[in-house]
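We have chain U; now place chain Y onto it with these hints.
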Amino acid sequence: MPADVGQPPTKTAMDLDVRGQDWYVDKLVSVLVFVGGISAVVLILGIFVFITKEGVGFVFGPMEVWEFFTSPFWRPTSRTEATYGILALMVGTASVTGLAMLIAVPFSLGAAVFIGEFATGRTRETLKVLVELLAAIPSVVWGFIGLAIMNPLIIETFDVPIGLGILNSGIILGLMAAPIMTTIAEDALKAVPDGYREAAEAMGATKWQVISKVVFPAAKNGLMAAVLLGVGRGFGETMAVLMASGHSINLPTSVFDSVRALTATIAAELGEAPVGSDHYRALFTIGIFLFLITFVINLMADIVIRGGGRKR
Amino acid sequence: MFEATNLNRRNHQIQWLFKVLFGMMTLILIVPVALILGVLVAKGGPAISMEFLFSMPRNGLTEGGILPALIGTMWLVGVALLASVPVGIAAAIYLSEYAPDNWLTRGINLAIINLAGVPSIVHALFGVGAFVVFAGFGASILAASLTLAVMTLPVVIVATRESLQAVPMAFREACWNMGATRWQTIRIVVLPNSVSGILTGIILEVSRTAGETAPIMFTGAAMFLPFLPQGVLDQTMALSMHLFVISNSIPGMSEEFKYGTALVLISLVLLMNALSISFRVYLRGKKKW
Numbered sequence: 072m073p074a075d076v077g078q079p080p081t082k083t084a085m086d087l088d089v090r091g092q093d094w095y096v097d098k099l100v101s102v103l104v105f106v107g108g109i110s111a112v113v114l115i116l117g118i119f120v121f122i123t124k125e126g127v128g129f130v131f132g133p134m135e136v137w138e139f140f141t142s143p144f145w146r147p148t149s150r151t152e153a154t155y156g157i158l159a160l161m162v163g164t165a166s167v168t169g170l171a172m173l174i175a176v177p178f179s180l181g182a183a184v185f186i187g188e189f190a191t192g193r194t195r196e197t198l199k200v201l202v203e204l205l206a207a208i209p210s211v212v213w214g215f216i217g218l219a220i221m222n223p224l225i226i227e228t229f230d231v232p233i234g235l236g237i238l239n240s241g242i243i244l245g246l247m248a249a250p251i252m253t254t255i256a257e258d259a260l261k262a263v264p265d266g267y268r269e270a271a272e273a274m275g276a277t278k279w280q281v282i283s284k285v286v287f288p289a290a291k292n293g294l295m296a297a298v299l300l301g302v303g304r305g306f307g308e309t310m311a312v313l314m315a316s317g318h319s320i321n322l323p324t325s326v327f328d329s330v331r332a333l334t335a336t337i338a339a340e341l342g343e344a345p346v347g348s349d350h351y352r353a354l355f356t357i358g359i360f361l362f363l364i365t366f367v368i369n370l371m372a373d374i375v376i377r378g379g380g381r382k383r
Numbered sequence: 002m003f004e005a006t007n008l009n010r011r012n013h014q015i016q017w018l019f020k021v022l023f024g025m026m027t028l029i030l031i032v033p034v035a036l037i038l039g040v041l042v043a044k045g046g047p048a049i050s051m052e053f054l055f056s057m058p059r060n061g062l063t064e065g066g067i068l069p070a071l072i073g074t075m076w077l078v079g080v081a082l083l084a085s086v087p088v089g090i091a092a093a094i095y096l097s098e099y100a101p102d103n104w105l106t107r108g109i110n111l112a113i114i115n116l117a118g119v120p121s122i123v124h125a126l127f128g129v130g131a132f133v134v135f136a137g138f139g140a141s142i143l144a145a146s147l148t149l150a151v152m153t154l155p156v157v158i159v160a161t162r163e164s165l166q167a168v169p170m171a172f173r174e175a176c177w178n179m180g181a182t183r184w185q186t187i188r189i190v191v192l193p194n195s196v197s198g199i200l201t202g203i204i205l206e207v208s209r210t211a212g213e214t215a216p217i218m219f220t221g222a223a224m225f226l227p228f229l230p231q232g233v234l235d236q237t238m239a240l241s242m243h244l245f246v247i248s249n250s251i252p253g254m255s256e257e258f259k260y261g262t263a264l265v266l267i268s269l270v271l272l273m274n275a276l277s278i279s280f281r282v283y284l285r286g287k288k289k290w
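Protein sequence lines correspond, in order, to chains U and Y. Reading the first sequence from the start, the letters are residues 72 to 383 in the numbering used here. Reading the second sequence from the start, the letters are residues 2 to 290 in the numbering used here.
Think of the hints as simulated: they come from the structure by calculation, not from any bench. C-beta atoms are modelled at their ideal positions from N, C-alpha and C, and glycine is treated no differently. Where hints are given, some of them may not hold.
Ranges of calculated distance between the beta carbons of each label pair, as one might list FRET restraints [claimed, not checked]: (1) U/T324 - Y/L28: 40 to 50 Å; (2) U/T148 - Y/L28: 42 to 52 Å; (3) Y/L229 - U/K124: 40 to 50 Å; (4) Y/L229 - U/W137: 47 to 57 Å; (5) Y/L234 - U/R150: 34 to 44 Å.
Same shape as in the complex, but just chain U (with noise of 0.2 Å):
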């Protein structure tokens, strides 16, 4: 007689469950890569809670809400009476902006049309090539060139006393934003599906019909979030405008006016406030504005770029 008659089986569903080391490896491996999927999350909320933790004692302290933006004076380290208004730095930062996207605006979108729909082959590969290799350049040696080269340019070609001011931060940041947007731009015409191409020229229509007709219309949405994510990236340059823009504190009146912008003025003065300090305390405020209008371009870029993926 067989050992194993009238005993329950040995094996049960619950035992073919093997639960080896790879079981446990897999487990753990994915709560940890979840642990660095969440990180970006973290990280932009530790920008946000740390920037108004530091902030916050001048916001419910000496800040007056009215006072800061709308006074253009600016005197943190004045000993009798010291105040804080970002209205000049505001206009600063606005004026050079401005400029910068005026230059870079027309021309990167007239370059991702020419590098994403004219251009062919060779000549197509090496121009995006040359704008990636533009958008590397780091901001300090935009900086270098606003200061040793524009700077002496702009006073001799303009007969004006100083070349530092919104032009020449201006059309510095101007080339620096453009190959960026030039990069987003020609991405978003490269989303527009090649049957809409296809159909219109089947019907006859000249290149330049298909773009104008056919491919902007149906691009509309992502040149748009590609000239939001251009402002962003002027509104929060620093180290270019801080060296080109001449960095005085002035509601300009032209463009060969000197100019602060909000950006550099944290970057001039952070190193000389004291920690805890109210004018470092006022810096680490300008830095939760900064910090709020660059995420709410960027959402409404992120807005922009999902309304036209819905619409299609």
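Structure of chain Y alone, referenced to chain U:
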């Protein structure tokens, strides 16, 4: 019978006009920068010598070389990579291989875009608040590198995710069908097939990290130090910071020195980029699927 009408002809003229116009616009973006780079080479080239690259600065930075800045940049980039590459690759593996299409993933993607879009000076503020003051690292290589790592994390994540996603789904499915776990599939099939793409992204990150100035100004980069850094808690000079310092505030600084420093920095960054790009082109040609 198929003669072009006046309308046809005009449309083609318009097309030609726009092609030329946009081509000119492209050139206007590229040519001035090429000229500027030419000026940098012409004026900075004569300054480059073994002494310039490999000796300490002397006499208020106006003589000698840029050795401590070069070494310092290597320290900063090295430590930043140690911090950001593992985290970035993990994040990319999660996003490419694990993440379901839900609100959390969308949040992560938005966070990555924002991390890349936040102004560099805000990253500097974060570095001061979090690493220098809160974590107590003081102004040091560690604090500066961590700040750089946070800032360049999106570069690693995006490049790695792209190369992971370029591995065909069928490769994974074949492996799963053999009874491999998810991690075994990633380790044996997905990563080996995308390692060169990941490397391309890392080289790109090196070039980004080496060029940044604002994030390290208050977290660990010094204007001048008469010695080389000995450990991660030391301050250090850095090439980008050095260029900023000497192009602004040093009296009696020779033009040649400034241009030379700018030339070294930009060559370093562009070489790394060119390496990354040619690597990518080479891989695209070699691709088997």
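Against the structure, the hints come out as follows:
Range check, U/T324 to Y/L28: Cβ separation about 34 Å, and the 40 to 50 Å hint is violated. Roughly 47 Å separates the CB atoms of U/T148 and Y/L28, a value that falls within the hinted 42 to 52 Å. Judged by the Cβ atoms, the range 40 to 50 Å given for Y/L229 and U/K124 is violated: they are separated by roughly 35 Å. A beta carbon spacing of about 51 Å between Y/L229 and U/W137 agrees with the range 47 to 57 Å that was offered as a hint.
Our hint of 34 to 44 Å for Y/L234 and U/R150 holds, since their Cβ atoms are close to 36 Å apart.
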